[in-house]
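Protein sequences, first through last, are from chains A and B.
Just so we're aligned: the first sequence equals residues 102 to 322 in the numbering used here.
Just so we're aligned: the second sequence equals residues 5 to 120 in the numbering used here.
Wrong hints could be hidden among the right ones.
Claimed, not checked - Covered by chain B, according to a simulated footprint, are these stretches of chain A (three or more residues, beta-carbon under 8 Å):
#1 173-186
#2 263-276
Said to hold, decoys possible - Simulated restraints, written as ranges between beta carbons of each label pair:
#3 A:S223 <-> B:E69: 26 to 36 Å
#4 B:P66 <-> A:D162: 32 to 42 Å
#5 A:D275 <-> B:M87: 51 to 61 Å
#6 B:E104 <-> A:K269: 39 to 49 Å
#7 B:D33 <-> A:A322: 23 to 33 Å
#8 A:A254 <-> B:E45: 32 to 42 Å
Treat the hints as calculated values from the structure; they're not laboratory data.
Where is the CB? At the ideal position from N, CA and C, for every residue including glycine.
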Amino acid sequence: MITAERKPMDEIMESIDGCSRILLVGCNECVTVCAAGGRKEVALLASALQMASMKKGRTLDVREMTLERQCDPEYVEELTPHIDQVDAVVSMACGCGVQEVARRFKKTPVYPALNTKFMGASEGPGIWAERCQGCGDCLLGLTGGICPIARCAKRLMNGPCGGSTSGKCEISDDVDCAWHLIWERMKELGIEDRYEDVIAAKDWRTGRGSGPRKILREDLA
Amino acid sequence: MNYPSNIKIINVPCTGRVDILHLLKAIEDGADGVYVAGCLEGDCHFKTGNVKALQRVTYLKPFLEEIGIEAERIQMVNMSAGMGIQFARIATEFTEKIRELGPNPVKADASRLAAS
């Protein structure tokens with residue numbers, strides 16, 4: 102899922118400086134799972150923004166809504182009855198959601214309350230780590246299910262660099278060496294003999310390198 | 005034993021039930037301070053409820069500072085159900101601490117705003 106974290110309060114407050122009524126919109130999907138922009142976080146931020154405004158001697162009317170998703174126009178449409186009554190929208194969705202709301206409501210400024218981080222998975226309660234960088238040509242089948250693009254700091258395709266120490270990456274003791282993990286996994290799968298199969302130079306055109314991407318499914322359009 | 009009459013007690017089955025939102029809303033609604041009194045560490049009847057409560061109080065403190073409210077207004081304390089004297093002492097100490105901090109800055113400004 103997409104992970105995100107709340108922006109610092111002073112940054113959010115500065116963006117809505119001058120607004121007296123805002124619509125604070127959460128999202129029920131990824132940002133709920135990583136406890137950044139779900140219904141509860143909307144309630145927390147609404148309370149905090151109101152208190153921060155009261156401290157400055159102003160009142161801020163915060164309307165709270167949480168959509169199922171903000172990245173689908175059908176759900177964004179649910180904001181329509183409220184949009185003319187507010188000075189701005191503050192979105193607690195990932196960047197995709199913020200943009201969809203902005204795209205739909207062209208006359209109302211939309212501000213992000215979160216910094217979108219990465220596509221990742223949960224390593225345990227409260228811990229999320231980067232797993233996928235959307236390269237567009239998945240090679241997880243060759244690496245025992247561990248991605249050298251997302252999890253290797255250098256995105257190496259054929260084994261670790263000289264900095265790999267005790268299974269950790271040279272950039273930090275908190276970061277596993279992806280190729281160490283791949284080797285250990287291949288042993289568990291009994292496919293060590295395939296470790297030295299060369300993975301060819303990657304065609305990065307399927308990734309972000311060739312510009313913003315789009316998928317079109319004609320059977321669904 | 006006596007404890008200050010300005011303390012409003014909210015009973016919960018376990019402090020693990022107390023959510024960050026409860027603490028924040030209490031401050032928003034005008035409480036000058038909130039303390040969460042949970043079981044002694046290691047003695048939570050529900051195993052780790054008091055640990056979770058401490059994590060939530062700890063999480064909220066810097067958030068409060070970000071919006072200009074003193075982090076000392078919320079606190080986690082641990083005691084057992086039989087520690088009546090300590091309960092009274094903590095109630096008195098916390099009240100004194102909050103008195104020194106002054107009234108809730110949000111409440112003070114809200115009533116000033118209403119008066120103007």
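Against the structure, the hints:
1. 173-186: This one is violated; 0 residues, fewer than the three required, reach chain B with a Cβ under 8 Å.
2. 263-276: violated (count 0)
3. A:S223 <-> B:E69: 26 to 36 Å: holds, 28 Å
4. B:P66 <-> A:D162: 32 to 42 Å: The hint (32 to 42 Å, Cβ to Cβ) is violated, given that P66 of chain B and D162 of chain A are roughly 26 Å apart.
5. A:D275 <-> B:M87: 51 to 61 Å: Cβ of D275 of chain A to Cβ of M87 of chain B: about 40 Å, so the range 51 to 61 Å is violated.
6. B:E104 <-> A:K269: 39 to 49 Å: holds, 48 Å
7. B:D33 <-> A:A322: 23 to 33 Å: violated, 50 Å
8. A:A254 <-> B:E45: 32 to 42 Å: holds, 39 Å
Checked against the numbered hints above, the structure breaks hints 1, 2, 4, 5 and 7 and satisfies the rest.
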